[in-house]
Amino acid sequence: MLWKYHSENQIRCFPTLVADRAFVAGCDERLHVIDVATGRQSADVNLEAPTGSTPAVLGDMLFVGTEGKTFFGVRWSKPEIVWRYQPAEHSAPFRSSAAVTPQRVLVGAQDKLLHALDPKTGTLQWTFATRGRVDGSPVVVGDRVFFGSADGRVYALDVATGKERWRFEAGGPIVSSPAAAAGRLVVGTSSGEVYCFGGR
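Every position in the sequence shown, counted from 1, becomes a number in my numbering once 22 is added.
Read the hints as simulated data drawn from the structure, not as lab findings. Any given hint could turn out to be false.
[Stated by the list, open to error] DSBU-like, lysine-lysine: derived pairs with alpha carbons at most 35 Å apart:
#1 Lys-142 x Lys-185
#2 Lys-100 x Lys-134
#3 Lys-100 x Lys-26
#4 Lys-26 x Lys-91
#5 Lys-185 x Lys-134
#6 Lys-142 x Lys-100
#7 Lys-91 x Lys-142
#8 Lys-91 x Lys-185
#9 Lys-134 x Lys-91
#10 Lys-26 x Lys-142
Generate the whole structure from the sequences, applying the supplied hints.
So this is what it looks like as structure tokens:
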């Protein structure tokens with residue numbers, strides 16, 4: 023073992039590693055930025071509520087949601103909170119980890135919506151409604167975002183507009199995140215099935 027870092031409460035997310043830093047958000051309501059070489063904390067941000075979602079990083083910005091029904095855009099190099107996003111209606115915890123592109127931050131929530139935000143400002147660009155919670159993380163492939171919902175469906179949307187491209191009735195609730203590689207999309211359901219999508 024090279025080092026050990028101690029936080030004040032449970033950590034339920036995966037660490038995010040970028041270059042020489044590890045980003046960890048936890049139930050102590052803090053975002054910890056840790057030097058991978060030494061294990062020392064280089065920055066600390068108050069997220070105001072516990073979180074179990076994994077931070078997403080794009081450049082010097084980090085994106086993470088909390089149980090406090092708020093989604094944050096954080097400039098980790100300062101560190102400072104650049105923006106907060108709270109849905110105007112049906113506010114609910116963010117347990118999904120975000121998928122990030124230079125134009126969109128895409129994150130699901132327990133309000134049954136997929137939210138698309140501007141990475142620079144946190145301004146809402148669009149939402150897409152499902153009939154169940156969206157706790158799994160979306161995945162972006164090209165100009166499409168794919169995700170599952172507790173309503174038992176897999177959805178494919180246009181990243182820019184939120185327009186639905188297709189959906190698949192998987193039957194069982196989907197709380198996990200899809201995985202994409204080599205032209206294939208694979209997703210599992212709570213009823214035990216694993217589905218693979220892609221060209222033959």
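Violated constraints from the hint list, given by number and in increasing order: As far as the earlier hints go, not one is violated by this structure.
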